[in-house]
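Number of protein chains: 6
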Amino acid sequence: MAQLASYTDYKYYLVTSPTPLVAHVEINRPAKLNAFLEAMWLELRQLFQQLSADPEVRVVILSGAGDRAFTTGLDVQAASQGPLLKDAAGGVDVARKATQLRRHIDEFQECVSAVERCEKPVICVLHGISIGLAIDLSCCADIRICAKDTRFAVKEVDIGMAADIGTLARLPKIVSSFSWVKDVCITARDFGAAEALAVGFVSQVHDSKAAALEAGLKLAEGIASKSPVAVQGTKELLNHSRDHTVAENLRYTSVWNSAALQAADFQVAMLSGMKKTKPRFEKL
Amino acid sequence: MAQLASYTDYKYYLVTSPTPLVAHVEINRPAKLNAFLEAMWLELRQLFQQLSADPEVRVVILSGAGDRAFTTGLDVQAASQGPLLKDAAGGVDVARKATQLRRHIDEFQECVSAVERCEKPVICVLHGISIGLAIDLSCCADIRICAKDTRFAVKEVDIGMAADIGTLARLPKIVSSFSWVKDVCITARDFGAAEALAVGFVSQVHDSKAAALEAGLKLAEGIASKSPVAVQGTKELLNHSRDHTVAENLRYTSVWNSAALQAADFQVAMLSGMKKTKPRFEKL
Amino acid sequence: MAQLASYTDYKYYLVTSPTPLVAHVEINRPAKLNAFLEAMWLELRQLFQQLSADPEVRVVILSGAGDRAFTTGLDVQAASQGPLLKDAAGGVDVARKATQLRRHIDEFQECVSAVERCEKPVICVLHGISIGLAIDLSCCADIRICAKDTRFAVKEVDIGMAADIGTLARLPKIVSSFSWVKDVCITARDFGAAEALAVGFVSQVHDSKAAALEAGLKLAEGIASKSPVAVQGTKELLNHSRDHTVAENLRYTSVWNSAALQAADFQVAMLSGMKKTKPRFEKL
Amino acid sequence: MAQLASYTDYKYYLVTSPTPLVAHVEINRPAKLNAFLEAMWLELRQLFQQLSADPEVRVVILSGAGDRAFTTGLDVQAASQGPLLKDAAGGVDVARKATQLRRHIDEFQECVSAVERCEKPVICVLHGISIGLAIDLSCCADIRICAKDTRFAVKEVDIGMAADIGTLARLPKIVSSFSWVKDVCITARDFGAAEALAVGFVSQVHDSKAAALEAGLKLAEGIASKSPVAVQGTKELLNHSRDHTVAENLRYTSVWNSAALQAADFQVAMLSGMKKTKPRFEKL
Amino acid sequence: MAQLASYTDYKYYLVTSPTPLVAHVEINRPAKLNAFLEAMWLELRQLFQQLSADPEVRVVILSGAGDRAFTTGLDVQAASQGPLLKDAAGGVDVARKATQLRRHIDEFQECVSAVERCEKPVICVLHGISIGLAIDLSCCADIRICAKDTRFAVKEVDIGMAADIGTLARLPKIVSSFSWVKDVCITARDFGAAEALAVGFVSQVHDSKAAALEAGLKLAEGIASKSPVAVQGTKELLNHSRDHTVAENLRYTSVWNSAALQAADFQVAMLSGMKKTKPRFEKL
Amino acid sequence: MAQLASYTDYKYYLVTSPTPLVAHVEINRPAKLNAFLEAMWLELRQLFQQLSADPEVRVVILSGAGDRAFTTGLDVQAASQGPLLKDAAGGVDVARKATQLRRHIDEFQECVSAVERCEKPVICVLHGISIGLAIDLSCCADIRICAKDTRFAVKEVDIGMAADIGTLARLPKIVSSFSWVKDVCITARDFGAAEALAVGFVSQVHDSKAAALEAGLKLAEGIASKSPVAVQGTKELLNHSRDHTVAENLRYTSVWNSAALQAADFQVAMLSGMKKTKPRFEKL
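Chains as they are written, first to last, in my numbering: chain A, 1 to 284; chain B, 1001 to 1284; chain C, 2001 to 2284; chain D, 3001 to 3284; chain E, 4001 to 4284; chain F, 5001 to 5284.
Worth flagging that the hints you see were computed from the coordinates, not collected in a lab. If a hint is listed, it holds; no wrong ones were tucked in.
Under the rule of at most 27 Å between Cα atoms (straight-line distance), these lysine-lysine pairs were calculated in the DSSO-like manner:
| no. | chain 1 | residue 1 | chain 2 | residue 2 |
| --- | --- | --- | --- | --- |
| 1 | B | K1173 | A | K173 |
| 2 | F | K5173 | D | K3173 |
| 3 | F | K5275 | E | K4032 |
| 4 | E | K4173 | F | K5173 |
| 5 | D | K3276 | F | K5032 |
| 6 | F | K5278 | E | K4032 |
| 7 | B | K1276 | C | K2032 |
| 8 | D | K3032 | E | K4276 |
| 9 | D | K3032 | E | K4275 |
| 10 | D | K3173 | E | K4173 |
| 11 | A | K32 | C | K2276 |
| 12 | C | K2278 | C | K2218 |
| 13 | F | K5276 | E | K4032 |
| 14 | C | K2032 | B | K1278 |
| 15 | A | K278 | B | K1032 |
| 16 | A | K32 | C | K2278 |
| 17 | C | K2173 | A | K173 |
| 18 | A | K275 | B | K1032 |
| 19 | C | K2032 | B | K1275 |
| 20 | D | K3278 | F | K5032 |
| 21 | C | K2173 | B | K1173 |
| 22 | C | K2275 | A | K32 |
| 23 | F | K5032 | D | K3275 |
| 24 | B | K1032 | A | K276 |
Work the whole structure out from these sequences, hints included.
Below, the structure written as structure tokens:
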């Protein structure tokens, strides 16, 4: 499928539009199992900022190119030759090194969080090896579905560190059982598609990557046909809800909807509901 | 069953007492599938304020009259002829219209939240069509059970708006999977009793509305036999817990119980526990 | 098994080390089904403070001695003869009595919370009767596993009070369904191992207490072999996550890791990962 | 001055309109130094709800009738014969009595907070005795000015209780020095107009009640001439700011203004600013 | 003056009772200008825990022995020979050293915060050199008064560190101007009594230490004569207010007072108010 | 003075270094009284991000070029011809327009907040006309000083809008009196240097712009000579303190200092303090 015109400059991501108003983003470094270099997360931020504001896009599908992996996470070999580890060996002061690390982590987090900040819903389709950064990334998506061959792991403890790009911040708010969250985060053990479904991490499991992508596309088409004012408002208000009390969210919602309900969408949808026609919504 | 004496003035709700200390509230507009008019939510607030303070009531069951629906939500036809939509067509300023909408949503939220503010536990028994406002309402109840024919949907996106009467504020804190919450809230798709049970939205499914009501009544009878100081304290502290940190809730709990533990109930319950007799608690 | 040398002074707890770096704590009052006296929770605080700072300990297993019960909770008979109830009968002013009760609850909470504050992961292995304080206690652990004969109950409502030692603060953040939480907390009904697994309260169920302990030990051994900087950081950041917004947790995490990533562990783990050797981490 | 037409039914408040769009509310029980009966705070809530939604009102001035007092606070004699104290003597259970008290305080707080919830700015003009409830009430106003004869006191400690109608919640966020706040709240001592000005509790002091009222009226006239969208938005956002982090408030502000900036007021004001004419804003 | 009987075991604090129900605590290492050793802050925690629960104490005055200093803060010479700095030179891992430091700071903070946690009001009387820990400590007191010779400084930046025992947490919530707070905290410059009064850090300045102590004592006597239920409730609710929204504090207050208003104090105070007699309150 | 080498590309800001480690930023559009165009706030973000990470800079002074104004705020004429207002006249849907406005405000806020996010302290020196955006901007600085001719105003209400770039979020947390804050924000009236000093908005007033700049420079030199680890930590922890409870800030501080105290600065400062020499700190 041809790349989407305004998205051809990205080096590590392939962006296509399988159907109008839907963008499909593929992490595109399959020869290295889509392992992440710093340039990749910097590009990720730019890409999702563009998608967020693009009126031609109403839903985003995020998947990994190739058969074997969504992503194996950080490219550890590259990272071990980077400035962070090298400096550590050098004579830099602990506090100054801490400042460098903090700035580095802050920016890394900020890049990955761009997936969450994207105003359009993001459907993450996982398959194969999906470890480390794969969890951080998919936790930023709105809906997660996967192929039955997916092998997940919150892998960071196995490289001697606590996960710091978002898994520990978001996973406890995404799934059902805190006992399970602590088990997989502390032991770094693998878990499969069935377990991910049982705890509510993914909401669908399919027989193959192709089937999962097809299901993701069908879901995306459905969402793309709805009012974008309603859909994007729902995403914003649900993310706000996760981080606020019920009272706070109710108030934020009433302020939000005091403008949103003045959209034509409300009347367009009500009218076509009565007339049994397919509604057509203006871009957003 | 005869209506409860002090609750006969409500036009849209039938209130009976199937057993002492239990009030059964039925949304009572079955000819219109219990669709809500503005007068209905204003009355709902008044009703649950009365129940909250009524010492003859220790538990409330909330259900919908008729065979077909708990409620189909907002009476859209009535709403579309109301002042809100009409003004929108008129020449009112956007900001002034926003103020009207905000006041309207605030009051609507405040009315529906009366179910949550009710100091007595509320058991919501759902059946048939249970969409839109049905979700907002049942999210305010403490325990949800349903008949197996129940058809749920967070329907608002299909009428061009983000849900704003409480579903988005409460649902993520009621069920297990954020991926599932976003799926049903963004797609507005139907889901059934089995799915509602699997994600933890309801805690029991029964073969029919009658069976679900019977189960709800049995549950209510059990609760009504317990210390109301203990039961109402537990409801208050669990709702506080949902919206606060562990440390905050522990402190609030110790202040709360510094009065509650001075109730006779503690000693009555301990004594009858030792004597194997049925405890009898004073009204509250 | 011999008691761990520096832990022999505890009267109500048996502390052994089944394998290096793992401490096994047994509540040890089996003749009374491990029912808690005030001296026991005071000792519990001291014990877990010691474990928290002990560099020879990387994981803690918490279980109950004897065949019949993890614990039946508060020793009600002892409590009913204690000063709290007696004073209540006396002529003390309500507000002054409230101050005494508040101080008492605050200290009780603070003692039990020592399990949560322990910097090392705590695996709670439950069996038999596990009611009242058993739930408060196990909610403070990180991972819960149980024998299939376990009988759980949030029992406090049955003694005329709302639970105030942590169950209401933590349980809604540990499991999937708020409807289920309210059901078991308000009705005080029993639930078994299968139900506990289904809602995510425990993450494993085993055929017997012995099998559960063996599984707990295996889990502990695995965790003890990991970097303690990574493991303890993960515990801290996950507990922080439960009580904070995503944005707050991301910031706290980057500050935390700005020191933690300067540990040798990161490089030791990466190196042994490349060399396929077993890493060896310094004490913490 | 004649009472404002739609406000003549209030028994304890005199409402006039000294100039268009300005409402002047006088607490009107001067024979009893404006001491508050329960009926008075119930009426206060209703009055400020009406003012809040009245498009003919853009600013409210709140003062006390008579020469001697803004208000002496709670009518203690009436309160001591009310049901609350009498019940206390009776045989009611401590926990049940606590429930009654909590409901009573909640409603009392909710009535007084109506002054803060009023969408229009409220200028409180104090004089003479201004103690107890006078502080709770004036803390809910936006701007406080006073006559130089004003005698303030947070008087509650002197009647054996901690203030519970809002002074302790709001005063620390209104003035400069926490040491001063604790001093006046714990000692219940008097303080005068000069001290109130020095700590920032009031922002103007005038020679007499008449002069203070005149200054309040002048202030109100100025505010009434401004865009009500701008003025009411500013009040809402500042009250939100007091209770939220900077980041939270910035976000809430951008959502709020996304509707408000679509008002005509922005263009009307800019245009008349360029043309040096007096702008005329639509009602709100 | 003779030491208070049950407080004679403290090595670094002299505790007397200049008047019934008032305890006067003097930091008592004048030969070293009351500079703090670790043993001193450990003892401080124990002392204020005892005072907090002592029914014979209703108010605490905290001052420094000797003419020259309230305290010069940390005894830097002792600290520089302590394990913390020595380890730093050794071969300990950065992350492990960070853990040691974190535990050390946590405990230091917890000891100093005991002054704030003390349920009785604490009046801090400062004089002479009052730098570093003097600010941390006095920020935990409720009311601060000083002699005109007092020389304050938030001194930590001058020893190469950000203050970490509470000054940065509390000072911005105690005084008026954030610009001033940042100035004195970042520059570490001295400021005197007049400046401290102008910004609201202290609420009284007196000509000498003796005069300040006399004023503190007079203030304490007044507080000691009031209802301890009212006074201690006011302290608790004001400290809660500082850290919570208005809505949160109002709710906490109504729960708190639902027990406190059942004290005899309310009626005792009202009665003696009517009879113009001096009220006598039970111990707390 | 020559521009600082790496800062010569900024079009609207003149950046010099009057003394080592100090950067002086001048808003440089004096012909238009430093009124802001969109390009200017975009550049501001870039500039302060660069300063934040520049190891050659330890303190920043921010002032306005020319004699007459720090800044008159938004260039209203330019803004009124921009896309935002023009679209408003066009046929765009209210909700879609709201989305555009929200994105615009979010970015504008994010640019101005770069001054606050700058890790180095920022001293704002104000003079002449300092209205509208001048207040938003200076609220982001750490220390504010001004010339006595400064004329301040929170001007937004006069152009028909509530201030939305940070004044309402920050001002109530910077100064003493909420009554004063509401007065100046709601009335949009002017206030002068003396009033700004009295309420604590500025911490110094000088006779002329030149004198204020000289004082700012002297302040900056002092700060530049201190440990940058200590200074930048203090800024971070104070900003955190403003937005968090005391307990939260204490914990964040101990984690922060667990790395910072391992800096050489602590020992360098202590050593030179003992030796009475001038300490020399490594870059940060």
